[in-house]
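Heads up: the sequence lines are chains L and Y, in that order.
Under the UniProt record's numbering, think of the first position of the first sequence as 1, with each following residue one higher.
Under the UniProt record's numbering, think of the first position of the second sequence as 1, with each following residue one higher.
Careful, some of the hints might be misleading.
[Stated by the list, open to error] As a list, the in silico SDA-like pairs of lysine to any residue whose alpha-carbon atoms are at most 25 angstroms apart:
1. L:K409 - L:K596
2. L:K596 - Y:H135
3. L:K475 - L:R618
4. Y:K132 - L:V588
5. L:K132 - Y:R521
6. Y:K132 - L:H107
7. Y:K523 - L:A90
8. Y:K6 - Y:H26
9. L:K93 - Y:K596
10. Y:K523 - L:R92
11. L:K132 - Y:L476
12. L:K132 - Y:N606
13. L:K523 - Y:E89
14. L:K132 - Y:S610
15. Y:K523 - L:D293
16. L:K415 - L:P382
17. Y:K523 - L:S86
18. Y:K596 - L:A90
19. Y:K132 - L:N519
20. L:K132 - Y:R597
21. Y:K523 - L:H177
22. Y:K93 - L:R618
23. Y:K523 - L:N88
24. Y:K132 - L:R608
25. L:K475 - Y:K330
26. Y:K409 - Y:K445
27. L:K548 - L:Q530
28. Y:K475 - L:E575
29. Y:K93 - L:S524
30. Y:K596 - L:H107
31. L:K596 - Y:F105
32. L:K93 - Y:S610
33. Y:K93 - L:S2
34. Y:K93 - L:G439
35. Y:K475 - L:H480
36. Y:K581 - L:Y578
37. L:K93 - Y:H26
38. L:K316 - L:T387
39. Y:K526 - L:H122
Since the hints were made in silico from the structure, they are not lab data.
Spelled out from the first residue to the last, the chains are:
2 protein chains.
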Amino acid sequence: MSRKPKNCGLDVAVASNLNATIQLAHDCGYNFVCVPLAHPMLRRDMKTRDVDAVKGRWVRTDLVLGASEWQYRVVPRLSPWLNLDSPNEAFRKNSEEIFLQELQFAHHLGIRGIVMDLHQRHNPNLAQCLNKRLHTETSTYLREEIWLQIPTSSRATNSYRNDVIETDDESEEDTWHWWNDVRLMCQSHARLMVVLELTADLPEEGLLDRWHGEPIELLIVPTSIFLTNKGGFPTLSKAHQRFVMKCALRNTAVLVSGANRHGSLKHYIQYIRNLYQKAEVPPSRQHDAGFEDTLQMPLQPLADHLESFTYEVFEKDPVKYSEYGNAVYKALLDRVPESEAATATQVIMVVGAGRGPLVTQSILAAKEAKRNVRIYAVEKNPNAVQTLLDLKKEDWGEIVTVVHTDMRKWNAPEKCDILVSELLGSFGDNELSPECLDGAQVFLKDDGISIPSSYRSFIQPMMSMKYYNEARNLKLNHHHPTGNFEQTYVVALGSSYMIAPVQQLFEFVHPNKSPAIDNSRYKSLKFTAQEDSTMYGFTGYFDTTLYKDVRLSIVPETFSVGMFSWFPVYIPIQEPIYVRKGEIIEVVFWRRHDEKRVWYEWCITNPRISGIHNVNGRSSAMNL
Amino acid sequence: MSRKPKNCGLDVAVASNLNATIQLAHDCGYNFVCVPLAHPMLRRDMKTRDVDAVKGRWVRTDLVLGASEWQYRVVPRLSPWLNLDSPNEAFRKNSEEIFLQELQFAHHLGIRGIVMDLHQRHNPNLAQCLNKRLHTETSTYLREEIWLQIPTSSRATNSYRNDVIETDDESEEDTWHWWNDVRLMCQSHARLMVVLELTADLPEEGLLDRWHGEPIELLIVPTSIFLTNKGGFPTLSKAHQRFVMKCALRNTAVLVSGANRHGSLKHYIQYIRNLYQKAEVPPSRQHDAGFEDTLQMPLQPLADHLESFTYEVFEKDPVKYSEYGNAVYKALLDRVPESEAATATQVIMVVGAGRGPLVTQSILAAKEAKRNVRIYAVEKNPNAVQTLLDLKKEDWGEIVTVVHTDMRKWNAPEKCDILVSELLGSFGDNELSPECLDGAQVFLKDDGISIPSSYRSFIQPMMSMKYYNEARNLKLNHHHPTGNFEQTYVVALGSSYMIAPVQQLFEFVHPNKSPAIDNSRYKSLKFTAQEDSTMYGFTGYFDTTLYKDVRLSIVPETFSVGMFSWFPVYIPIQEPIYVRKGEIIEVVFWRRHDEKRVWYEWCITNPRISGIHNVNGRSSAMNL
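Produce the entire structure from the sequences given, and follow the hints as far as they go.
And the structure:
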């Protein structure tokens, strides 16, 4: 899958003739330009502190471009000297007025988004004015985004950024806070995004990586940070390359800014395009293409019948079923010594057989192991049973018995040696595998084997303003006002930053020999924040031991390479929680049930206490 | 106004015969008893750790009392040995079951509330189970409260509390956290309340006072903390007395617990009743009786006409009008020297004259000062104008001219020397005094005087779970889902704790000589938290300088004793914010306007960032 920037733009400090500038950029391979909204000849100067600057003519006519060109070829910039938090009251008020005037004009032009430079961390009044714009309800469908430009480092080493106040190295600031403070004051508004400006000096990698949890709309690569290779062409340092290639995984749009220092401006964007293509996708994300960052509802295969399409997609997994076959093979060898191979027959029950892939795998495993088997294929979905009956007739033959029933209610004619099932969800037990297998294990022999023999869920705290907003803005039918934050979502992870390493949450073992089986769970975990960050929830994973050393995992560190059956889950929290580096994030998770339903509840207890989410399963539950 | 406990109860460890116990308590002056819900003879013991304790008979029959006696004469207690956060899993699960069983039975009895002892700070699983109960929707109207018993000190010096684990003095804990953690996990649920148990050792006064911001349902006074006076009667230490007398200001219900050590149990409650009567009400609260803790909507006298009833109430203020008279008197003396007293005539305009109290005061002041005046009484409310015309005819005579108009639109026949108005709200400018007086000052002479000449608003961060819940549960017509937290309320302060001293917010001066009048405001303030506490918003006050040293104030420190025209305001925040002692609470307030409306926005920026409240005045605004 080829990676390329969604868009490539050229940042132009002065564009007296906008059409010519767009044409020039286009000739060099850029499909849009970023220019100051105020016309350079009409630009109001901050030094005059002209309180009447708001009056009179200050902008080029909108007739210079057609509406769709304004939308797709131009990203305007607000006047860089605006300071809505200036201690000088007159200047602050003038900035406010011009800020609103420019935003209104940008809206008039119908642009997608407007870039605004941040220069400092202290921006409450800017946030107030941003809110005013973000929350204004217009009758038109156009709702421009506001893209805040933040440098990766507060050291003004980019020569072209002469508007940035020079600071000592000693007062180096973590510029992520400039963004974080504003967006929290704007309640993480979905139309507020980041324009990340690469600086020559980069902060350490951990701090840089944190930006991947933010909604980066544009990555600015200044020409001044390029080095020159032997051929005279521009190239980036290793550290810059690494970061750009990580951005490539999300096809982040790029904006090249600054003077041409390498013959032609086209060399810069060509180089970046090359980097994007070289970017390597980690194993756990190789099958995400087309699904990244899209929240999906988890399946409820116990309550709802899956459709043919769903079966077909999952049956194609190249890893999952071969590992199941592998597990059955090893179990058969363990249960039947070579000497009894000819005489003994193992009874295998595939519970939740679906359209039969585990039956097929079991037959193949038995052949490979040279052991005799008799197989029951138990399935509750009447539509899938039709497929099973076909397969029995066409392929499997008499060794397979197809049974149409709910495994929890089946009155089996005999007990089995091996109970095979694939009832696991992205969060392990979240498709009710424990409850189903507790029901099915009554027809497993005392020394029988369950495949899987155990599974575990995992969580880690994460930052993703994007997922938070996706969850917030979905139209769902929750009774409770914050219901959207009280359910889990399945998502191929793109725009996210993991605040602390993964930890194990719940574990289930089968068969369950406990005298009083209880699948409720209650666990508290402590994570340590690796950097200052804002937590928007958790990602959840699972792994499973099918049999002995045969395992499947979607935990990134132990990912089963090539497997695509499961994406991780996103578990939101209602209010984002800011955490400092080194701070303990303490969380509590419950798995609760009543007669009809099973659900999770969760709560943060440190660094500050959230309310308990999904009380009584009020917003989400798995139906038994 | 006499203060007395809402209810007086007797805490009884064992009540084999409930009717006899109630009778005994009644004979001693107690109108209810607090008893264990589980019958003592049937009590399940924690030491046996009996996982089957939940089965079988454990409670006395409900037939022993009538339904209304259960409701008014009995407060049951949950079994004190329950520990829903025990590290022992079996014991924890058993506690959970019995907890729910007992709560369900309490609900069956139709009691108002049930007492549960807390023993420790770590209670996430209890919070989860409490939520389960608090959020269960029943078809009946009975919704019992859950009253968590917390000792004022973690030292188990109350001999009768033998269930408390003994701790070293060194591990003294701030028990407020036991409560605070649970209630935050339960999202400050309105049916979760405090039973505060006085201990022999009391924490310092600052920590004790914090409890006044919590919903204290019952104050437990153990007999063991009483001293014996010369007459052999029970008495409390000065520190205990002080605290009990503060509780008296809210008529907190009292529960006496422990063995009779002073002849008769009636002596204890008599002593406490006496203390309640002796409690002194601070000046700023002397007129609160009957209004405490009830949130009211602020008036909008500019947009709506006040009713006769409202005028009548406010006209009775014994302080406000005499101070206005005083101010007019001093202004007249300053403007007209003795030598001109016979010849000069001062023009006074009373703008917003209402039913005329300021006109009357001005006439009295002129007589007192022996100066000639001509008075215009300007009023927009046509109904009040009728009263003014009556008063002119009956009392005032020709020196008063009644004008029916909006002061902002009046075309005055001459300019005045003194412009008198009473347009101030509880938060100073919140009834649009600045905008009204800016309009009216065109007919004030260049050297003329405005009474008031200035006013200032004040705020302080506060804790009051009660106000937060009142605000949350009011049925208002807000478009925005969190609109109830985006408006101000007027409230006579009772159940509240001030986290830091008052600071000044905005100031307005009249006449406003600025060339470009701008009544928008933007200010950031820093407060220092005096104790660990949970902030639920702000209280707001104002003061005003009528003329020179003539002032009115509802700021507690400078309160105009006897004045009752204004209660403070409560300004909520959407999410409670926990703050640590010594931490800086940084807040930003804006006063914003457009052509039709004026509104406030507010935001916390430290210790953590809240979203900005009331963006664009979406939930509340004053109509121009």
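How the hints compare with the structure:
| no. | hint | verdict |
| --- | --- | --- |
| 1 | L:K409 - L:K596 | holds, 15 angstroms |
| 2 | L:K596 - Y:H135 | holds, 18 angstroms |
| 3 | L:K475 - L:R618 | holds, 17 angstroms |
| 4 | Y:K132 - L:V588 | holds, 16 angstroms |
| 5 | L:K132 - Y:R521 | holds, 16 angstroms |
| 6 | Y:K132 - L:H107 | violated, 48 angstroms |
| 7 | Y:K523 - L:A90 | holds, 14 angstroms |
| 8 | Y:K6 - Y:H26 | holds, 15 angstroms |
| 9 | L:K93 - Y:K596 | holds, 20 angstroms |
| 10 | Y:K523 - L:R92 | holds, 13 angstroms |
| 11 | L:K132 - Y:L476 | holds, 23 angstroms |
| 12 | L:K132 - Y:N606 | holds, 22 angstroms |
| 13 | L:K523 - Y:E89 | holds, 11 angstroms |
| 14 | L:K132 - Y:S610 | holds, 16 angstroms |
| 15 | Y:K523 - L:D293 | violated, 40 angstroms |
| 16 | L:K415 - L:P382 | holds, 24 angstroms |
| 17 | Y:K523 - L:S86 | holds, 12 angstroms |
| 18 | Y:K596 - L:A90 | holds, 24 angstroms |
| 19 | Y:K132 - L:N519 | holds, 18 angstroms |
| 20 | L:K132 - Y:R597 | holds, 14 angstroms |
| 21 | Y:K523 - L:H177 | holds, 22 angstroms |
| 22 | Y:K93 - L:R618 | holds, 22 angstroms |
| 23 | Y:K523 - L:N88 | holds, 13 angstroms |
| 24 | Y:K132 - L:R608 | holds, 22 angstroms |
| 25 | L:K475 - Y:K330 | violated, 65 angstroms |
| 26 | Y:K409 - Y:K445 | holds, 17 angstroms |
| 27 | L:K548 - L:Q530 | violated, 34 angstroms |
| 28 | Y:K475 - L:E575 | holds, 24 angstroms |
| 29 | Y:K93 - L:S524 | holds, 16 angstroms |
| 30 | Y:K596 - L:H107 | holds, 23 angstroms |
| 31 | L:K596 - Y:F105 | holds, 23 angstroms |
| 32 | L:K93 - Y:S610 | holds, 24 angstroms |
| 33 | Y:K93 - L:S2 | violated, 54 angstroms |
| 34 | Y:K93 - L:G439 | holds, 22 angstroms |
| 35 | Y:K475 - L:H480 | holds, 17 angstroms |
| 36 | Y:K581 - L:Y578 | holds, 19 angstroms |
| 37 | L:K93 - Y:H26 | violated, 69 angstroms |
| 38 | L:K316 - L:T387 | holds, 16 angstroms |
| 39 | Y:K526 - L:H122 | holds, 14 angstroms |
Against the hints set out earlier in the document, violations occur for numbers 6, 15, 25, 27, 33, 37.
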